[in-house]
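**Student:** Each step along the sequence shown adds one to the number in UniProt numbering, with nothing skipped, and position 1118 is 1118.
Keep in mind that a hint or two might mislead.
[To be verified] The list that follows gives simulated cross-link-like pairs (lysine-lysine, DSS-like), each with its CA atoms no further than 30 Å apart:
(1) Lys136 to Lys120
(2) Lys943 to Lys219
(3) Lys602 to Lys627
(4) Lys951 to Lys1076
(5) Lys120 to Lys589
(6) Lys672 to Lys602
(7) Lys1155 to Lys1076
(8) Lys123 to Lys15
(9) Lys543 to Lys589
(10) Lys563 to Lys603
(11) Lys138 to Lys51
(12) Lys795 to Lys876
(13) Lys236 to Lys15
(14) Lys174 to Lys136
[Unchecked claim] Cβ-Cβ distance ranges computed for the label pairs, FRET-style:
(15) Leu386 to Trp280: 46 to 52 Å
(16) Asp644 to Tyr807: 29 to 35 Å
(17) Asn213 to Ala723: 19 to 25 Å
(18) Ala723 to Gly645: 19 to 25 Å
(19) Phe482 to Ala119: 40 to 46 Å
(20) His750 to Ser961: 42 to 48 Å
(21) His750 to Tyr807: 17 to 23 Å
(22) Trp280 to Ser14: 43 to 49 Å
(23) Ser556 to Gln735: 56 to 62 Å
(24) Tyr807 to Ser961: 39 to 45 Å
Keep in mind that the hints were calculated from the coordinates and are not lab data.
Where is the CB? At the ideal position from N, CA and C, for every residue including glycine.
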Amino acid sequence: MAEAILEVVLETLSKFLQNELGLFLGVNQEIRRLSGTLATIWAVLEDAEEKQVTDKAIRNWLQRLKNAAHILDDILDECATEGLRFQFERQNCRSANKVRHSFSSSIHPVSVLFRYKIAKKMKKIRALLDEIADEKRKFHLCETVTQRKNEVIEGRQTGSVISQPHLYGREEDKVRIVNFLVGQASSFDDVSVYPIVGIGGLGKTTLAQLVFNDEKITKHFLLKIWVCVSQDFDVKRMLKAIMESAIGHSCESLDLDPLQRKLKETLQRKRFLMVLDDVWNDGQDKWDKLKYILSCGSRGSSILVTTRLAKVASIMETQPSHQLSGLSIDDCWELFKQRTFGPDREEHAQLVDIGKEIVKKCGGVPLAAKALGGLLRFTREESMWLHVKESKLWNLPQDENSILSALRLSYWNLPFKVRPCFAYCAIFPKGKEINKHLLIQLWLANGFITTHGKLDAEDVGNEVWKELYWRSFFQDAQGDEFGIVTSFKMHDLVHDLAQSVMREECHILDNICSDDLSENTRHLSAPIYRLKRSHSGLSDVPKSLRSSLYVSNAVSSVSLLMKCTSLRALHESGSDTVTELPSSIGNLKHLRYLNLSGTQIKKLPKSICSLWNLQILILSDCCNLTKLPKRMKHLKGLQELMLDGCSSLTSMPPGIGQLTSLRILTRYIVGKGPRLRIGEVGRLNLQNNLTIEHLERVRSVIDAKEANLVSKKLKELSLLWDANIEPSMQENVEQMLEALEPHAKLSSLHIEGYRGAHLAQWMSNPSFENLFEMNLVNCHNCLELPLLGKLPSLKYLRLSGMYNIQYIHNETNTSVTAFPSLESLELCDLVNLEYSYKDNIGGNFPCLSRMFISRCPLFALPVLPSVKDLVLIDCKEVSLSSICNLHNLRFLQISSFQELTTIPQRMLRGLRDLEQLHITYFSELESFPEQMLEGLNFLQVIKIDSCTKLKSLWERFADLSSLETLEIIGCWELAALPNGIIHLTSLQRLVITSYGISDGAKSTLTPIMLEVLPESLGQISSLQYLMIGAFQNLASLPELRNLVSLRTLEVTHCPKLLSLPTSIQCLTNLQEWRLKSLQNLALLPNELEGLASLEMLLVEDCPKLPSLPTSIQSLPNLKTLAIGDCPELQRRCNKETGEDWHKIAHIPCVKFYHKAGPPKTKRHE
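Using the sequences provided together with the hints, build the complete structure.
**Tutor:** Here it is, written out as structure tokens:
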């Protein structure tokens, strides 16, 4: 990779000669000599790079060259920085006559001292490079003519939406696996584990993806989960990743026990397919722990594993592994051909024979065929194809068949400017998603990409990324709603290639130990989840560092990083160790990229304003940050300033408009001073996202026009007024909003706190063809909406706190469909809203699938057949009667109809596709119409919450053959459960309690009046989860012997319950048993031997329970016993001294705890 830094240095030297900077600093002669020396080295560099793979002496020579070139790069960067400083001082000089326009005219004393130091450094580095240049002769390197130019060819551009190529030669493998999963595996009671085994690059992950997305699989499994495991098989991390994949969004950080319980609740009663991709762990104990937690799904649940290691497969498998072999030569050729010639490209006859010979060298490995196909995709020169076929790299030792040779060939044939961009990816952990924008920012900071013609650096970065993607160095690209790639991954073997190129230059810390770090380490990463802390942190880091990612996690003090004066990129996003920045950050004169997002910093040191080269400053979600330095206008090179989520920041530094290089500013707070007005925004060429706050401080329409938003290529715009101001404080507010018209390519608009009576006309202009989302919030004085129905692409519309509007759409023209693309409509606090559109015209809202309506007392629910999800909160009663017209409804939630004592009988009539029904916060509701649920054959979930006066449920449940979940929470006056629940033949989850299902116990509970549970409850053989709680007068439970599918049983807050039925021993599939706040429970059944599947027993706040039955010794799978606030029971179970210790000594994990403190765990080996 010496060519990368050498090219940067040569280009910089050339610029110095052109703009007289060398003359200004008195080093022009040294620059000319250095240029000549480096040019002689450049001539042999390509030959040296190829030979260093097998010649250690040349490899060491290249390392010396790189080290020297990096030193020279720092020196030249110092010179350029001094030039910037001088120019800034000249521009700020009061009298233009004091300074002439040429660099060479300055005789400032500081410049004289600087010239002396730079000249001394130049001579020293020139001598070293002369020595290195002389040394090259002994290697007999061949000179080649290599043009230094931007080689990312614009003709290779591809679309933003990444399409996956056709899969060749794996149809039989896919059919075999799919048939097993939906056939044989569906009859297994325990979760089946089916490994796919094969060497790297064979397409194990691609095959698993093909299976995962197969139509039969989607229909067969209720829940599908995908987790990329890689080499970090930490059980807690795995559980969190599984949970997030299962629920579809990130979840809060929990301790292992609550995380385990939440996951079990998520997986229970569901037949799931889980893919564990790229598993390396061969530790039996870790897998056993994970499998124990995962063995809670319905019958037929399966885990598909991909791994390179047969040992891993043997540990995990419950079924024989699927051994994946290489592709046939014909399939490999088809893949290569598709990658090389494309689906519609003409094959070149003279290249076909050569191509087939190349394919034979791929050894049937798809990744090799794709990589070489990508390499030759854009060339039809026969000599190039022959060069690949006859390359000496095929003769190198192979670790993974022929794949590494193919990847090396692809790398060495990358354009010079693209190679360092690829190799730099070694700084990211193997197997992890890589944020594309972050990667391009880091490329820019390290000088790997620069502006080129009309393309800015970001555009060049996108072109480089596409080049690497189409050459198969990147894969698994993920995009946003517009199809623009946001993240991607690298195959493990490709990552190995990047690491082999970078060698010791790039290092990822696994342990806090500096033994593996050398003076050649320039890029260092320390992701917190990888670290295994053995002491307080690194005491030293290489001074040569240029990139530092999360390294504050591994050092004793962040001040240590301030000594790395060559740093170009400092990324500490989310680090809890960074609470303040030392003023010594001003010493990092080369710093281009600084990311402190999500840290606890309160302010930035003034010295940060001396970082003349800083291009990217990310402070997002720094919630404690209260102010920015006043002299930030000095950061002339700043291109991105991210301030979103800085909730404590109340003002901007003055003169932000002087940062003319700024193209991304996520937040601007209008101030009252002359250099704090909205006009500062107008001086900036912004793009992407912008939020402008405190628009009530804009003084006039002229000021608003100076923002010049219409010229800025913004994608998302938020305009915020302080809703607490008096309307009279801002005149002409409507004209101001008109003056704030954005660019027509806007995709999202948010307006909040606007006090005008009318919104801007531009908001309904059909030329906003990309506008897909609009939020209008607390525009209290607005009388009507503009014709938003004309917007062709609007998908999401939210209206909240607009007290005066009566209609959503006022258009009376029946020839045009209103809201042709709208999918989601949220209406909140619209107290005068009556109808969706002024005239009841059919055909509008043709795509609307989701409606959320809250506190709209006059609103008449329209007849919209396309609606599938409906939430009604605190609306008028007549809207409930209209629900029956929404024939395609799948999800219905009605809430906070405070005065209703019953529900309209016809409300659900005809909703045959309804799957979920939620009824919550009906404070006066006493009963339901008996025929209300008739015909709901597909209803799967009923949740009734906080209907405090509800006395009874439906007697008949016969029609609810599909019901799987019934939850009744906080219905205090419920007197009985109907015997008809025995007809719920598919019921898997039943919850009856007086508080939320979350784990937080409340100090006081309003009990439920119910005194007796029906015997029919014990006859629901499909039930898997049963939670019974807060029954003040419940003295006994029904017989439970027929609950043969029950996995979890929780009984809580039943003070009159003295004992439990002996039939509990018949629950042979019970895995978790929780007993909480049963103050008078005096004994457990003696015969528990039948609970062969029990894995966890929790006893909490049962003070009268003196001991555990002897039969607990006979439970072979009991792994966890938790005892909380049971003093006598805890005393008897104390290790070795307690009378009951011998009964529980075999249990691996025993916990004693109090609700006020953390559990104390005793683990037995």
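**Student:** Between Lys943 and Lys219, does the CA-CA distance stay at or below 30 Å?
**Tutor:** holds, 25 Å
**Student:** With respect to the beta-carbon atoms only, verify the hint that Trp280 and Ser14 lie 43 to 49 Å apart.
**Tutor:** Holds, at about 48 Å.
**Student:** Taking 19 to 25 Å as the stated bounds, is the beta-carbon spacing between Asn213 and Ala723 within them?
**Tutor:** Violated: the Cβ-Cβ distance is about 47 Å, outside 19 to 25 Å.
**Student:** Within 30 Å, alpha carbon to alpha carbon, are Lys123 and Lys15?
**Tutor:** holds, 19 Å
**Student:** Within 56 to 62 Å: is that where the Cβ-Cβ distance between Ser556 and Gln735 falls?
**Tutor:** holds, 58 Å
**Student:** Sort out whether Lys136 lies within 30 Å of Lys174, counting only the CA atoms.
**Tutor:** Violated, at about 54 Å.
**Student:** Using the Cβ atoms, figure out if Phe482 sits within 40 to 46 Å of Ala119.
**Tutor:** violated, 53 Å
**Student:** In this structure, is the beta-carbon distance linking His750 and Ser961 contained in 42 to 48 Å?
**Tutor:** Roughly 45 Å apart at Cβ, these two residues keep to the hinted range, so it holds.
**Student:** Starting from Lys951, check that the Cα of Lys1076 is at most 30 Å away, please.
**Tutor:** The hint holds at about 26 Å.
**Student:** Given the hint that Lys136 pairs with Lys120, test it: the Cα-Cα distance must not exceed 30 Å.
**Tutor:** Since the Cα atoms of Lys136 and Lys120 sit roughly 25 Å apart, the hinted pair holds (cutoff 30 Å).
**Student:** Under the criterion that the straight-line Cα-Cα distance not exceed 30 Å, is the pair Lys672, Lys602 satisfied?
**Tutor:** Distance ~23 Å between Lys672 and Lys602 Cα, so the pair holds.
**Student:** Does Lys15 sit within 30 Å of Lys236, going by the straight-line distance between their CA atoms?
**Tutor:** violated, 53 Å
Checked against the numbered hints listed earlier, the structure breaks hints 13, 14, 15, 17, 19; every other hint is satisfied.
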